[in-house]
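S.K.: With these hints in hand, go ahead and build the complete structure from the sequences.
Chain residues, written in single-letter form:
There are 2 protein chains.
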Amino acid sequence: MKFNSHIENLPIYEAGKPIELVIREFGIDQNDIIKLASNENPLGTSKKVIEKIKNVAQNSSLYPDDSYYELKDGLSNLYKVEPKNVIIGSGSDQIIEFALHAKANEKKGILVSGVTFAMYEIYAKHVGAKIYKTKSKEHNLAEFREIYRTNKNDISVIFLCLPNNPLGECLDADEVFSFIKDVSEDTLVVIDGAYMEFAKFKSSKKEIDPKTLIQTFSNALYLGTFSKAYGLGGMRVGYGIANEEIIKALHRLRAPFNITTLSLAAAIEALKDNDFLKETLENNFKEMKVYEEFAKENSIEFIESYTNFITFIFDQHQNATKICDNLLKQGIILRNLKSYSMNAIRITIGKNEQNRRVLDMLKKEI
Amino acid sequence: MKFNSHIENLPIYEAGKPIELVIREFGIDQNDIIKLASNENPLGTSKKVIEKIKNVAQNSSLYPDDSYYELKDGLSNLYKVEPKNVIIGSGSDQIIEFALHAKANEKKGILVSGVTFAMYEIYAKHVGAKIYKTKSKEHNLAEFREIYRTNKNDISVIFLCLPNNPLGECLDADEVFSFIKDVSEDTLVVIDGAYMEFAKFKSSKKEIDPKTLIQTFSNALYLGTFSKAYGLGGMRVGYGIANEEIIKALHRLRAPFNITTLSLAAAIEALKDNDFLKETLENNFKEMKVYEEFAKENSIEFIESYTNFITFIFDQHQNATKICDNLLKQGIILRNLKSYSMNAIRITIGKNEQNRRVLDMLKKEI
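Residue numbers (the numbering used here), protein chains in the order written: chain A, 230 to 595; chain B, 230 to 595.
Calculated directly from the structure, the hints in this document are not laboratory data.
As the structure is a prediction and not an experimental result, all values here were calculated from the model.
Ideal Cβ positions, reconstructed from N, Cα and C, are used throughout, including at glycine.
Some hints here could point you the wrong way.
Unchecked claim - Computed, partial: chain A to chain B, Cβ under 7 Å:
{"#": "1", "residue": "Glu269"}
{"#": "2", "residue": "Ser289"}
{"#": "3", "residue": "Leu307"}
{"#": "4", "residue": "Ala331"}
{"#": "5", "residue": "Ala484"}
As the list claims (entries may be wrong) - The list that follows gives simulated cross-link-like pairs (lysine to any residue, SDA-like), each with its CA atoms no further than 20 Å apart:
{"#": "6", "chain 1": "A", "residue 1": "Lys277", "chain 2": "B", "residue 2": "Asn284"}
{"#": "7", "chain 1": "A", "residue 1": "Lys580", "chain 2": "A", "residue 2": "Glu522"}
{"#": "8", "chain 1": "A", "residue 1": "Lys336", "chain 2": "B", "residue 2": "Phe232"}
{"#": "9", "chain 1": "A", "residue 1": "Lys381", "chain 2": "A", "residue 2": "Ser447"}
{"#": "10", "chain 1": "A", "residue 1": "Lys231", "chain 2": "B", "residue 2": "Lys336"}
{"#": "11", "chain 1": "A", "residue 1": "Lys313", "chain 2": "B", "residue 2": "Phe232"}
{"#": "12", "chain 1": "B", "residue 1": "Lys336", "chain 2": "A", "residue 2": "Ile236"}
{"#": "13", "chain 1": "A", "residue 1": "Lys301", "chain 2": "B", "residue 2": "Ile248"}
{"#": "14", "chain 1": "B", "residue 1": "Lys477", "chain 2": "A", "residue 2": "Asn233"}
{"#": "15", "chain 1": "B", "residue 1": "Lys301", "chain 2": "B", "residue 2": "Lys410"}
{"#": "16", "chain 1": "A", "residue 1": "Lys518", "chain 2": "A", "residue 2": "Ile542"}
M.R.: Listed below in structure tokens is the structure:
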């Protein structure tokens, strides 16, 4: 059977290995496995949210209120925007998909950083769009400007991942605003803030406020997620915030019931538990120091991280793939960045006892 | 901002009105509302599945095992196919989306019945595909043949909704097999079996066995869902079964983690509870009779239904929209088929007390 030509060469996202697979493949006991590969919240999910899910579990047969009225209301209050400025996605991934289906095509490409979230490229290829990448792995706005200037007519979407997954670095908000000023109003600028809660907790200079962003720029789309700081990675809820014109266009691409009834209830509840969010952020940066110290002691290069993970970059004497494979056999799941052409490992910041054990075992491998 | 031209005119699926909206708009107490608009399972969700969800609620922070190993295993056992013949979707809707992105485009259209599930057309328009429809509202294979014969080179996907939503009729399996025999091997034939559990319970002549289907036809794709008979409408889990070549192509379009961690656990558990399935099917056809008798007594035309709903077609003396609006104000949510250009109402078969109340109130409106 013949398929549409562009799908033949579609890359497939390499997800962090699930715990279930390690149990199956290596016969390791579930309790001995530490997974710090997918930037899941090491504190789990807020207890209040878990209670809420249990209370609404009996509604699993019912489709959600597809207007997502209450969730949009919660997000509108959080960010001081209007519900009409908000769209809900099955993870912020899905908003990326909508944005690309709305703006990119075989003639209109996208511009991204050298190493950044792989789904931008994957969804762009779904619509046959060309990918422009900076040579720098980390976000370099001078290069973004240069590529954009040269290829302005061929680029319809620019992605800035702030802070950047899988590297961890983050541009300052004022640099970002001054960059967007020079972008054509017909080019969509997507600010992917999946890890923004972490970045702004660490440094107020990194904070991109969605309201200010969309009031300043009619062509900006802010993305957020419940998967990271809010501890709902398994529930697939994200959102986009933009001017009504953009939100309306994206809504045309949204199929009904794109999140589950329980996910909707969980996200609404998660917005109310500020204590859990605070605990998450505090644990993260306290434990980040453990990794930074380890790296310094062992002369491992690392990128200063504004996220819930840290990326260790190895020199030619070390092989990240070999290290990851060896650790995997012992039940430690980390994220090898080989698929990003890097000799590097991304490690989610875990709980103290997890981090200690991971670093003890990593020490033996390097 | 300019958007890709094809999205400007995209139709938007009109979902059944949620209970929350009726509470908000009409101030009706939740307990006084009966929603028989979205073909949700009136028995709710299996108690065993609800327990399972409660037990895994604490895993909401963790992404699912994206291989969906255990669920594919369960479906493979149920249908006696191989896991490589199965793809999991966020509802079977998402498999429809994948199929159209894989096969349809601006030059290759789709062929559907005059009145059928609206998402075929909506997703087809996402890729700019032309829609060929039979004049008959219900599936008429002679017309399908005729349109296909005349436009063979311009049609790449044929949808047969068996049984058909929102009308309820169902072709016999042997007619379907003999139809597919005459279709080019390069044309994908999608058998949407979202309500097949109901159809085959009522009549074995309607049963399309996925294994036989895909062994007979390399170009057939069978769709199933957990939303209806399995009572998991709010959890968004569906599946496609086809030859490996097709499944591989569809997988290229699947983003990781397209169902939630709790949905995955719920679907795996739902496959194990045959008693719930049996009770669902028995209640459905016992209660269907109540509607059929009402229709006969009141001279309302109806389509013999092989699903969990029944469609009443009104003559020129009655106005389905007015009836639906009046009932809505009293807390009864039914599905007006006006958006399908029909003076008709689709009613989900509910529990006995719901059906009695709905028919009592409907009686006053006609």
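S.K.: Take the hints in turn and mark each one as holding or not.
M.R.: The hints, checked one at a time:
The interface hint given for A:Glu269 is met, as the beta carbon of that residue sits about 5 Å from the closest beta carbon of chain B, less than 7 Å. The criterion of a C-beta within 7 Å of any C-beta in chain B is met by A:Ser289, whose closest approach is roughly 4 Å, and the hint holds. The restraint placing A:Leu307 at the interface with chain B is violated, with a minimum CB-CB distance near 20 Å, outside the 7 Å limit. Nearest Cβ of chain B to the Cβ of A:Ala331: about 5 Å, under the 7 Å cut. The hint holds.
Interface hint status for A:Ala484: upheld, as the beta-carbon distance to the closest one in chain B is roughly 6 Å, under 7 Å. Distance check on the hinted pair: A:Lys277 and B:Asn284 sit about 15 Å apart at the alpha-carbon level, within 20 Å; holds. With a C-alpha separation of about 16 Å, the suggested pairing of A:Lys580 with A:Glu522 holds against the 20 Å cut-off. For the hint linking A:Lys336 to B:Phe232, the alpha-carbon distance of about 13 Å falls within 20 Å, and the restraint holds.
For the suggested pair A:Lys381 and A:Ser447, the alpha carbons sit about 18 Å apart, so the restraint of at most 20 Å is met. A hinted pair counts as satisfied when its Cα atoms are at most 20 Å apart, and A:Lys231 with B:Lys336 qualifies at roughly 14 Å. Proximity of A:Lys313 to B:Phe232 is assessed by CA-CA distance (about 19 Å); at most 20 Å being required, the pair is judged to hold. For the hint linking B:Lys336 to A:Ile236, the alpha-carbon distance of about 16 Å falls within 20 Å, and the restraint holds.
Simply put, A:Lys301 and B:Ile248 have alpha-carbon atoms about 17 Å apart, close enough for the 20 Å limit, and the pair holds. Between B:Lys477 and A:Asn233 the alpha-carbon distance is near 13 Å, which keeps this suggested pair within the 20 Å criterion. This hinted pair does not check out: B:Lys301 and B:Lys410 have alpha carbons roughly 28 Å apart, beyond 20 Å. Only pairs whose Cα atoms come within 20 Å are accepted, and A:Lys518 paired with A:Ile542 is accepted, the gap being roughly 17 Å.
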